[in-house]
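Listed in order, the protein sequences are those of chains X and L. The numbering of the first sequence is full-length UniProt numbering, which starts it at 1 and goes up by one. The numbering of the second sequence is full-length UniProt numbering, which starts it at 1 and goes up by one.
The hints are simulated quantities; they were obtained by calculation from the structure and are not laboratory data. Certain hints may be false.
Rough simulated footprint, nothing fancy, chain X against chain L, three-plus residues with beta-carbon under 8 Å [unchecked claim]:
hint: 1; segment: 111-124
hint: 2; segment: 265-272
hint: 3; segment: 283-296
hint: 4; segment: 377-389
Pair by pair, the computed Cβ-Cβ distance ranges are [said to hold, decoys possible]:
hint: 5; chain 1: L; residue 1: GLU278; chain 2: X; residue 2: MET61; range: 53 to 61 Å
hint: 6; chain 1: X; residue 1: VAL97; chain 2: L; residue 2: ALA78; range: 55 to 63 Å
hint: 7; chain 1: X; residue 1: PHE235; chain 2: L; residue 2: ARG408; range: 22 to 30 Å
hint: 8; chain 1: X; residue 1: ILE67; chain 2: L; residue 2: ASP357; range: 53 to 61 Å
hint: 9; chain 1: L; residue 1: THR279; chain 2: X; residue 2: ARG78; range: 21 to 29 Å
All residues carry an ideal CB built from backbone N, CA and C; glycine is no exception.
Each chain, written out:
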Amino acid sequence: MARKRKYTKSQLREAGQGYLFMSPTIFTLLLFLIGPIIFAIFLSFTRVQLLGDTSFTFVGMENFSRILDDTRAGIALRNTAFYVGVVVPVQTILALVLAATLNAGLKAEKFFRIVYFLPTLTSSAVLVMIFMWMYRPDGFINSILGGVGLPTYNWINDPNIALISIMIMNIWATAPFFMVIYLAALQDIPDSLYEAADLDGANAIQKFLHVTVPLLRPVTGFVVIMGIIGTFQLFDQSYMFSGGSGGPDNSTLTVVLLVYQYAFAAYDQMGYAAALAVLLALVILTATLIQRKLQKDEEVY
Amino acid sequence: MKRSSWMRTLGITSMVAVAGVLAACGGGDDASGDEEEEVTVRLTGWQSSPTEQRYFEQTIEAFEEQHPHINVQVDTIADQYMDVLRTRLIGGEAADVFFLDAFEAPGLIQSGVLEPLDGYITDEFDLDDFQDPMIEAFQREDQLWGIPKDTSTLALFYNKEHFEEAGFDAPPETWDELEEMAEELTVDNRYGFGVVTDLARLQFIAESTGAEITEDNRANFSDQRIVDALQPIVDMRNEKEIAASPSDVGAEWGGDMFGTGRASMIIEGNWMLPFMDETFENVDYGVTEIPTVNGEQGSMAYTVSYSMNAASEVKDEAWELIEFLTGPEGMEIWTSSGQALPTRDSVAETLNYDEDDQFAPFISAADYATVWADDTNLPIINSNFENQFSSAFLGNRELQEALEEAERVANEEIRD
Numbered sequence: 001m002a003r004k005r006k007y008t009k010s011q012l013r014e015a016g017q018g019y020l021f022m023s024p025t026i027f028t029l030l031l032f033l034i035g036p037i038i039f040a041i042f043l044s045f046t047r048v049q050l051l052g053d054t055s056f057t058f059v060g061m062e063n064f065s066r067i068l069d070d071t072r073a074g075i076a077l078r079n080t081a082f083y084v085g086v087v088v089p090v091q092t093i094l095a096l097v098l099a100a101t102l103n104a105g106l107k108a109e110k111f112f113r114i115v116y117f118l119p120t121l122t123s124s125a126v127l128v129m130i131f132m133w134m135y136r137p138d139g140f141i142n143s144i145l146g147g148v149g150l151p152t153y154n155w156i157n158d159p160n161i162a163l164i165s166i167m168i169m170n171i172w173a174t175a176p177f178f179m180v181i182y183l184a185a186l187q188d189i190p191d192s193l194y195e196a197a198d199l200d201g202a203n204a205i206q207k208f209l210h211v212t213v214p215l216l217r218p219v220t221g222f223v224v225i226m227g228i229i230g231t232f233q234l235f236d237q238s239y240m241f242s243g244g245s246g247g248p249d250n251s252t253l254t255v256v257l258l259v260y261q262y263a264f265a266a267y268d269q270m271g272y273a274a275a276l277a278v279l280l281a282l283v284i285l286t287a288t289l290i291q292r293k294l295q296k297d298e299e300v301y
Numbered sequence: 001m002k003r004s005s006w007m008r009t010l011g012i013t014s015m016v017a018v019a020g021v022l023a024a025c026g027g028g029d030d031a032s033g034d035e036e037e038e039v040t041v042r043l044t045g046w047q048s049s050p051t052e053q054r055y056f057e058q059t060i061e062a063f064e065e066q067h068p069h070i071n072v073q074v075d076t077i078a079d080q081y082m083d084v085l086r087t088r089l090i091g092g093e094a095a096d097v098f099f100l101d102a103f104e105a106p107g108l109i110q111s112g113v114l115e116p117l118d119g120y121i122t123d124e125f126d127l128d129d130f131q132d133p134m135i136e137a138f139q140r141e142d143q144l145w146g147i148p149k150d151t152s153t154l155a156l157f158y159n160k161e162h163f164e165e166a167g168f169d170a171p172p173e174t175w176d177e178l179e180e181m182a183e184e185l186t187v188d189n190r191y192g193f194g195v196v197t198d199l200a201r202l203q204f205i206a207e208s209t210g211a212e213i214t215e216d217n218r219a220n221f222s223d224q225r226i227v228d229a230l231q232p233i234v235d236m237r238n239e240k241e242i243a244a245s246p247s248d249v250g251a252e253w254g255g256d257m258f259g260t261g262r263a264s265m266i267i268e269g270n271w272m273l274p275f276m277d278e279t280f281e282n283v284d285y286g287v288t289e290i291p292t293v294n295g296e297q298g299s300m301a302y303t304v305s306y307s308m309n310a311a312s313e314v315k316d317e318a319w320e321l322i323e324f325l326t327g328p329e330g331m332e333i334w335t336s337s338g339q340a341l342p343t344r345d346s347v348a349e350t351l352n353y354d355e356d357d358q359f360a361p362f363i364s365a366a367d368y369a370t371v372w373a374d375d376t377n378l379p380i381i382n383s384n385f386e387n388q389f390s391s392a393f394l395g396n397r398e399l400q401e402a403l404e405e406a407e408r409v410a411n412e413e414i415r416d
């Protein structure tokens, strides 16, 4: 059933005015957000030559099928998945525990809040440089480990350890940020619930597991989604860590780093790089949708 | 409707302002000159040490003095030089003249963004004065695409104090001797031999048994002869424990490892000489030619050219700049720093480098060194070698297996 609505002249003018005011934003969004996305999707179906005589050749699904037999793409996906799989749960739990301890009414609570939050203020590049210094074979971390009789590692150059080094670094830097979000949410939990739990004879751990954690579930959903998106996009840390190579032995190669390498460090592979980027976007989208679905099923409200 | 007209005025004003700024930007370029128009030539290079920078500036100043109407605008790219340069070339923003490593040259030549230089070269410029392998590195399709500004080669550095302690009075002459001596020299916290595991350093060793690392522009690592040639280096670290890479001891690079006394011997380039003088002046060291591998002398040579952007609008002036910088006069000022060696025989003679104990090994190496340049796929082949060889060097897998993997992945990435 087609429903036609007639607009009066003044309604039209009002709408026109509205769009006129929105036009800078719409224009910016089209130019800098929607445009590049569409262009990237277009690129992923072409073979692009940018240097010299620019040319675009439509190649259909060739770029995508190439991903299937690209060994390094496989390694990059595996590394990234491993990274997300470890970092997201660990940083979420750590943030929750930190927030809960800070909310428990300790002395010098404000002081610890500041101290815990400091890592977040460091820029990523500075953070990596400081950590690379501490990770040196004769550096701070190995001195401490060696001092208490624990095994030491070649944190940066051992292919088995390098990605874990980046994980530690990243968890240390982002957990406090999510901690602050949890802290805000913790203030919203009504005291009456804890009082009721007290009357029922619950101890601190029981209160945490049965009152705090369930009531924080919506916030946890947010933290996990932001964590997933952030960790899938890991680039700067592994770039600096390996000097752009993703080494040693491809152990710190992530999908975004691989996209960068194909797009900017190799000749005429922009189309393939775009295909990898589109694939990564799809993976992140799927992961986020799955997370949201799980979240909905567990909704307490 | 007072408010809406106010908003409209604001909107129009800001639009006019933006248009004005844009117009002002566009007008900036065509400043008019008088009789002899002043021309700006842009030159892009990479960041270098302060010493090198000083000599470079001197060379440019000398040029500007002789060519008052040409103004050279130098800008350096601090990191990831080729990535930035490529991006600028694509965006049409690249300089008129830029440094180009022989290793990366074939790729750029093939894409057609460089200006062939044969048409500019005069007899007076005397191309024959240049060392042949350095010129050949920039020749393709019967054209010359860059003039080699300088070169560097590798030689063996050894710590004289460590040698005295161990009772040696001369550096090793063969690779077997080097291994034996490294064993004696290895003590607590110090390795006899420092190894830099790049293909750019190891190519001449890898090819010492007769095989080539590339065949038809594709990787050829799994050749048994290459595995055999590289195996001793891996064994020196993992079985004999007499060698290590700089990163094993937490050093940034070979010079760091050698200077701090964590390695008694190391193969490095002539850039080490000023570095040692400036940073580790108390270390008593000697320089000698690299010990023979399988009875053959070998070394690596690196060269960088000045190349011209095909899209340049001031090609004649750009050539004048290249001509001066690579001419006898400019090259002499530049290479007198000792950071890099001249590519002109006449300049090498003038500077007497072959009579200097420290420089002589590098000068002799230029005769037999393998030039670090190949075909268009060398960058891909190189990065895959690095990835896999380092894992074999660290003892994580067998060398043979690692090199086979490197070859497979490299050739997979090479399309066409």
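Status of the hints after comparison with the structure:
Beta-carbon proximity to chain X at under 8 Å applies to 3 residues in the segment 111-124 of chain L; the threshold of 3 is reached and the given coverage holds. For the segment 265-272 of chain L, the stated coverage by chain X is violated: 0 residues have a C-beta nearer than 8 Å to a C-beta of that chain, whereas at least 3 were required. Chain X is given as covering the segment 283-296 of chain L, and this is violated because 0 residues of the stretch bring a CB closer than 8 Å to a CB of that chain, at least three being needed. Chain X is given as covering the segment 377-389 of chain L, and this holds because 6 residues of the stretch bring a CB closer than 8 Å to a CB of that chain, at least three being needed.
Checked against the hint of 53 to 61 Å, the pair L/GLU278 and X/MET61 passes, with Cβ atoms roughly 56 Å apart. Evaluation of the 55 to 63 Å hint for X/VAL97 and L/ALA78 yields a failure: the beta carbon distance comes to about 41 Å. One distance hint, 22 to 30 Å for the beta-carbon pair X/PHE235 and L/ARG408, holds here, with the actual separation near 26 Å. Hint check: X/ILE67 to L/ASP357, Cβ distance near 56 Å, so the stated range 53 to 61 Å holds.
At about 42 Å, the beta-carbon gap between L/THR279 and X/ARG78 misses the expected band of 21 to 29 Å.
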